[in-house]
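Chain by chain, the residues:
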Amino acid sequence: MRVAIIGNGIAGITAARWIRKLSDKAHITVISDEGDYFFSRTALMYIYMGHMRLRDTQPYEPWFWEKNRIQLLRGRVETIDFHAKSLKFKEKDDVHYDKLIIATGSKSNKFGWRGQDLDGVHGLYHLQDLAAMERHTATGIQRAVVVGGGLIGIEMAEMFHSRHIPVTFLVRESSFWNNILPPEESAMINRHILEHGIDLRLGRELDYISDKNNDGKVDTIQIKDCEELSCQFVGLTVGVSPNIDFLRNSPLSINRGIKVNNFLETNQPDVYAIGDCAELDTPEVGRRPIEAIWYTGKMMGEVVAYNVIGRKTAYKPRLWFNSAKFFDIEYQVYGDIRAALPPEHETIYWEHADGKCSIRINFDKNTEGVVGFNLMGIRYRHEVCEKWILAKTPIETVLKNLGLANFDPEFYREYEQEVVRTYNQKFNKSLQLKTKRGLNAVTRFLETFK
Amino acid sequence: MQTEYSLSLANPTPLHTSLRQKLALAAVAIGVLMCLIAWASPTAAQLLPPSVFLAMSISLVSMGSIAFVHEEYDNKPEGIKNHGVFFKSLVTRGVWGWFLGVLLTGFYVCLYWFPEYLTGLVTVFDPLSKMMRGRPADSWFVYGTIYTLSVLLMGYKFAMKYRHNRYQLVRTASVTFFQLGFSFLIPSFLVLMNEPEYYFSYFWPLKTDSLKPDGIQWIVQSSSHGLGLFFIGFSILMTFVGVPILTYFFGKRWYCSWVCGCGGLAETVGDPFRQLSDKSMTAWKIERWMIHSVLIFVTVMTVLLWVNSATKGQVLGSASMAFSKTYGFLIGSIFSGVIGTGFYPILGSRSWCRFGCPQAAILGIFQKKKSKFRITTNGGQCISCGNCSTYCEMGIDVRHYAQRGQDVVRASCVGCGICAAVCPRGVLRLENGGLDINERTEDVRAIHVKEGTLILDNF
Ligand SMILES: Cc1cc2nc3c(=O)[nH]c(=O)nc-3n(C[C@H](O)[C@H](O)[C@H](O)COP(=O)(O)OP(=O)(O)OC[C@H]3O[C@@H](n4cnc5c(N)ncnc54)[C@H](O)[C@@H]3O)c2cc1C
Ligand code: SF4
Ligand code: SF4
Chain A
200 MRVAIIGNGI AGITAARWIR KLSDKAHITV ISDEGDYFFS RTALMYIYMG HMRLRDTQPY
260 EPWFWEKNRI QLLRGRVETI DFHAKSLKFK EKDDVHYDKL IIATGSKSNK FGWRGQDLDG
320 VHGLYHLQDL AAMERHTATG IQRAVVVGGG LIGIEMAEMF HSRHIPVTFL VRESSFWNNI
380 LPPEESAMIN RHILEHGIDL RLGRELDYIS DKNNDGKVDT IQIKDCEELS CQFVGLTVGV
440 SPNIDFLRNS PLSINRGIKV NNFLETNQPD VYAIGDCAEL DTPEVGRRPI EAIWYTGKMM
500 GEVVAYNVIG RKTAYKPRLW FNSAKFFDIE YQVYGDIRAA LPPEHETIYW EHADGKCSIR
560 INFDKNTEGV VGFNLMGIRY RHEVCEKWIL AKTPIETVLK NLGLANFDPE FYREYEQEVV
620 RTYNQKFNKS LQLKTKRGLN AVTRFLETFK
Chain B
258 MQTEYSLSLA NPTPLHTSLR QKLALAAVAI GVLMCLIAWA SPTAAQLLPP SVFLAMSISL
318 VSMGSIAFVH EEYDNKPEGI KNHGVFFKSL VTRGVWGWFL GVLLTGFYVC LYWFPEYLTG
378 LVTVFDPLSK MMRGRPADSW FVYGTIYTLS VLLMGYKFAM KYRHNRYQLV RTASVTFFQL
438 GFSFLIPSFL VLMNEPEYYF SYFWPLKTDS LKPDGIQWIV QSSSHGLGLF FIGFSILMTF
498 VGVPILTYFF GKRWYCSWVC GCGGLAETVG DPFRQLSDKS MTAWKIERWM IHSVLIFVTV
558 MTVLLWVNSA TKGQVLGSAS MAFSKTYGFL IGSIFSGVIG TGFYPILGSR SWCRFGCPQA
618 AILGIFQKKK SKFRITTNGG QCISCGNCST YCEMGIDVRH YAQRGQDVVR ASCVGCGICA
678 AVCPRGVLRL ENGGLDINER TEDVRAIHVK EGTLILDNF
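Going down the list, the protein sequences come from chains A and B.
Every position in the first sequence, counted from 1, becomes a number in my numbering once 199 is added.
Every position in the second sequence, counted from 1, becomes a number in my numbering once 257 is added.
Some hints could be false.
[Unchecked claim] Incomplete in silico selection of chain B near chain A, CB under 7 Å:
1) 342
2) 427
3) 637
4) 647
Hints are computed from structural coordinates only; laboratory data are not their basis.
Note that this is a predicted model, so its numbers are computed, not measured.
Every residue gets a Cβ at the ideal spot worked out from N, C-alpha and C, and that includes glycine.
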């Protein structure tokens with residue numbers, strides 16, 4: 200069986216690895232136009248900041264591919280002949296497949312601003328974008344502007360900051376990422392951004408980008424209803440969308456992404472789509488049809504491997520989780536935490552006096568079962584939080600045993616007591632914390648779910 | 258793309274050095290220069306009384322370094338500070354890295370084989386040696402003093418750099434305490450009391466003397482208050498009881514990154530070079546061969562020496578002595594000193610600990626086979642970024658385990674905790690707990706797809 204995979208990102212590579220694990224016979228080819236080897240896209244910022252080199256971000260050494268008989272092919276698939284089951288390239292021979300996995304990821308959004316294609320205006324997604332950023336910001340830069348207050352935007356701001364390049368950060372929302380983060384957490388990040396000396400402009404949008412010197416390079420931007428700003432680089436980080444333009448005029452069923460069912464099958468026989476480029480027909484309740492994050496690609500990659508070798512397996516991602524790091528503040532979320540608290544939920548929020556770490560636990564008003572955890576600057580155990588949420592464990596049981604969830608390093612202060620106190624104050628109770636941080640108790644707790 | 262060393266074109270230097278930092282650097286430079294002048298021309302140093310001269314030099318270096326470091330970190334928000342590491346030539350085997358490597362190696366060559374070249378420098382330290390040990394300095398005393406001072410000063414830098422991390426603070430306090438007390442003050446005091454220069458923080462097989470017949474004899478004979486037997490007893494107890502028990506509960510780290518002086522130097526002075534350790538599978542293979550060979554070598558040597566001593570040299574003649582000399586030369590001098598420390602800027606901070614130290618080999622075997630210590634991974638949160646592997650001084654590919662949700666149990670892990678500190682997603686935690694250790698370290702613990710039920714499980 201010849202399996203072709205377009206895209207060597209986390210989704211495509213996970214699929215390849217699992218197919219090899221499950222089947223010794225499959226002939227696997229992974230195609231990419233981006234780089235020779237799989238690297239971690241999430242680590243792009245660290246290359247620019249000098250924490251790592253490109254090769255440090257590659258999870259497997261070059262011999263790995265040969266040993267596991269995963270053939271890597273560098274090139275861009277121009278079109279797919281679904282009928283003849285072949286992939287067409289510009290200057291390469293066709294590649295024939297029996298099964299095809301499309302894992303082409305995303306591309307940066309551009310919203311048709313005037314001047315968006317000037318030199319020095321760039322998104323951040325591919326390795327080539329990083330190289331361009333490097334080219335444009337290595338010398339002679341007085342100011343960079345980052346447009347868009349999302350996860351990639353704040354990373355870009357941090358990248359410039361690490362190189363001592365003054366940054367103006369335009370955020371359309373009235374507070375950073377407040378469509379995802381509850382108000383307190385969002386405010387915390389605003390403060391933290393300012394603490395680093397970033398010129399944070401909340402509630403501001405880009406109007407247009409201009410090139411007053413007429414040399415094809417950006418030199419100013421106009422902020423909507425506000426001033427004009429001189430700058431030598433503009434980072435456009437206003438979200439991503441599936442990288443599937445080359446498939447637009449094909450029999451493949453496409454909406455925003457490639458439409459797939461729960462088995463990650465497309466409307467074409469023997470063709471699957473996974474990762475950022477896939478759009479689920481029927482996502483689970485509370486989940487979006489496209490989830491452009493690392494973990495989704497990883498999980499889909501594994502599920503698709505089972506399906507490709509004929510062991511039918513549905514994609515059921517279970518509980519939502521995500522994480523990020525905003526400058527020095529780590530963020531973790533487990534379960535259902537919404538920016539605006541829905542009427543059926545109740546929340547307990549504790550924040551440290553230094554304003555740099557917080558714990559939020561949401562629960563259902565009626566059942567009292569916990570629904571989500573939101574952590575800033577504190578690490579919680581994924582497994583424990585997930586078990587509690589899936590079992591709809593009552594908030595008081597959770598609070599009494601909250602130490603089980605703590606995953607901060609040894610000797611770190613434990614704040615679970617404070618969270619319990621916050622709860623007691625808010626609801627006039629006198630609950631006591633029983634379990635402190637520690638692995639053995641966690642192991643015993645997890646055992647009870649087996 | 259693959260051959261690119263780094264994608265960086267820019268070479269961002271710190272924005273500016275403040276006036277206070279400039280003054281601090283000047284103080285350090287003058288302090289060092291004073292030693293160099295005294296080294297080159299003892300008469301020049303006699304302008305001042307020897308003790309004033311030494312006190313001035315040490316104070317200038319210490320206060321200058323502390324002021325510099327304070328200024329460097331205090332105004333910045335707390336957090337991981339690895340900006341620009343791979344742009345700095347000193348810590349990426351660039352020009353300055355090689356320069357420093359050769360300089361350090363040269364110093365070790367002098368120390369081991371040409372101590373007479375250091376005479377001028379040694380004299381500078383006479384006042385301190387007389388005060389502490391009641392006798393003039395020798396090259397090893399000078400080495401010990403510089404070593405301890407470096408651990409303290411760079412320990413301060415390390416603590417400032419990781420001041421948000423209490424594990425790092427406590428650990429650094431411990432390792433600098435043991436260096437200062439157990440490897441410097443107490444041995445000096447013992448010498449003053451006419452006792453053998455005994456180190457409570459080194460045991461066989463790192464300190465072979467404590468279990469070698471001639472070593473034991475020397476310790477007993479040079480003890481004027483009969484403490485010799487106590488020392489021998491302590492050594493034997495630690496080697497056979499203390500080490501296994503402590504390692505069972507806490508892993509190798511209790512020694513390697515909390516107590517050991519070599520570890521102390523690596524964790525403080527060596528910290529800026531930690532990213533230079535080789536992460537490849539090949540390096541891991543070499544490591545396993547090499548470190549276990551050294552352990553076998555030292556064990557065979559000890560046994561031979563005992564056979565030799567028991568038979569009064571009749572069975573083996575001078576062979577066991579030759580064996581012991583070879584060990585001392587190859588492992589004791591060349592490996593642990595010249596390469597182990599001299600090559601910090603080339604091989605990273607722990608090449609001796611990783612490839613050569615027989616104590617680490619034993620601790621590693623216990624850690625792997627019988628210990629509660631492991632690094633647990635946090636469910637599915639790993640983004641495979643590679644920070645953990647890059648900054649692991651032991652060259653462990655931590656990411657390999659983290660991205661598949663597998664706990665890390667590796668013989669070489671010294672429990673420094675830096676992987677957990679640099680992880681941007683809170684994936685790693687150093688923990689002691691024995692309940693399910695075998696299950697959690699299984700290769701594919703992260704069985705994501707549960708067949709039959711066809712449920713995707715994150716764990
Ligand atoms: C800067 C940055 C930071 C991020 N941080 C996080 C984070 O912290 N956490 C998180 O969960 N997610 C994060 N993400 C998102 C995450 O990286 C993506 O969701 C994930 O990489 C998508 O993986 P994928 O395999 O679906 O696609 P990709 O990684 O995009 O891989 C697709 C590959 O296919 C190639 N390709 C596309 N079309 C063709 C073609 N026609 N022919 C040949 N090759 C083709 C592309 O060039 C690319 O190499 C981040 C993204 C960026 C850009
Ligand atoms: S694995 Fe982590 S704790 Fe162990 S030596 Fe490496 S960095 Fe230190
Ligand atoms: S540093 Fe953390 S997120 Fe990055 S690879 Fe290591 S464990 Fe994973």
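Hints violated by the structure (listed by number, smallest first): none
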